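A.B. asks: In case you want the letters, here they are:
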Amino acid sequence: MPHFYFHTDNGDCIRDDQGEDLPDVEAAREEAVAVLGEILRYRGAAFWETASFSVIVTDADGHTVVSVTAKASDAPPEGWTLAESGT
Amino acid sequence: MTKPGPQPKIATLIDKLSQRDHVSPEEIEALRDVLGTPQEVRGGVDIVKEHAHPQQSTLLISGFSARYSSLSDGGRQITEINVPGDFIDLHSLLMKQMDHGVVALTDCVVAPAPHVKLIALTERHPHLTRLLWLDTIIDAAIHRQWLVAMGRRSGLGHLAHLICELYLRLQAVGQSGRLRFDLPLTQAVLADALGLSTVHVSRLVTELRGEGVINWSGGQVEILDWHRLAEIAEFDATYLRLQNEPV
Chain S
411 MPHFYFHTDN GDCIRDDQGE DLPDVEAARE EAVAVLGEIL RYRGAAFWET
461 ASFSVIVTDA DGHTVVSVTA KASDAPPEGW TLAESGT
Chain A
9 MTKPGPQPKI ATLIDKLSQR DHVSPEEIEA LRDVLGTPQE VRGGVDIVKE
59 HAHPQQSTLL ISGFSARYSS LSDGGRQITE INVPGDFIDL HSLLMKQMDH
109 GVVALTDCVV APAPHVKLIA LTERHPHLTR LLWLDTIIDA AIHRQWLVAM
159 GRRSGLGHLA HLICELYLRL QAVGQSGRLR FDLPLTQAVL ADALGLSTVH
209 VSRLVTELRG EGVINWSGGQ VEILDWHRLA EIAEFDATYL RLQNEPV
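Chains as they are written, first to last, in the numbering used here: chain S, 411 to 497; chain A, 9 to 255.
Any given hint could turn out to be false.
[What the hints assert, rightly or not] Listed below are several chain A residues computed to face chain S (Cβ distance under 8 Å; list not exhaustive): (1) Ser162; (2) Leu204; (3) Ser205; (4) Thr206; (5) Val207.
Hints listed in this document are in silico derivations from the structure and should not be mistaken for laboratory results.
If you're wondering where the values come from, they're calculated on a predicted model, not measured in any experiment.
Beta carbons are placed, not taken as given, at the ideal position from N, Cα and C, and that holds for glycine.
Given the sequences, and given the hints that come with them, work out the whole structure.
C.D. replies: So this is what it looks like as structure tokens:
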């Protein structure tokens, strides 16, 4: 099974030195989003202080395989508008 | 690891029971009588398999074991970590079929207590029976606290709660130093116990270390600030029933 490392970054990068054996990239995606959700769950309003949190998955050679990022802002996401109701 | 002798060492069990109520010499003798020759179990090996029908219950003499339930995707949830002096499947005496498994987390020494002998013990020693009953009730209390932690505590609070619990349980059986204890478990095992990812557990350990609450290296945990740790955990030791009160 390939070995994947899950580094996390909320301004400071915390390196994952242990990593995990997972069957494939799809399983690494699942783990990455689970890690993101778990850690964000209890950040609360304090998340707006760092405003961004990423999980970066690398392989045994240190190459990035996938990454996932959540962002907090007081502004809407780019290009977003509230759709009129009832149309 | 020391070779298990022919006589099981039950000092940890006696220490634990004696904290809750007086254990008479006859009762200690009765406990000795039910236990068979100790055996070694390697870390990672099942001590009791899920869905088995054991004909004996098992006393953990040294090492750490865990109750767990498996999931179809190959994952597992650990529902309790057991420490020396714990009867890891006294439940099977009455449940008959195991609804969960028990795995050795480290190399362990265990001693069997055949069900026929335990039944005879319950008929001859009602007070000792109540003490053993209490032990299984405390298992249920531990499960309740784990459920609360799993559902409602923060990741940091949950990890802190587990450290507080293990320290007090190991202290009750004379297996800890002053604010320090051996915990030779991998972060993957902790993740299975906390219901979190190993990456998250590793961040939480780093966070507790960074705040100067604990040191954790070489399989040993040192509690630097018990007050702060208990505060993060919102720890209330009532469920461990460590006080001496007759049963």
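A.B. asks: None of the hints should be skipped; say for each whether it holds.
C.D. replies: Hints versus structure:
{"no.": "1", "hint": "Ser162", "verdict": "4 Å, holds"}
{"no.": "2", "hint": "Leu204", "verdict": "6 Å, holds"}
{"no.": "3", "hint": "Ser205", "verdict": "5 Å, holds"}
{"no.": "4", "hint": "Thr206", "verdict": "6 Å, holds"}
{"no.": "5", "hint": "Val207", "verdict": "4 Å, holds"}
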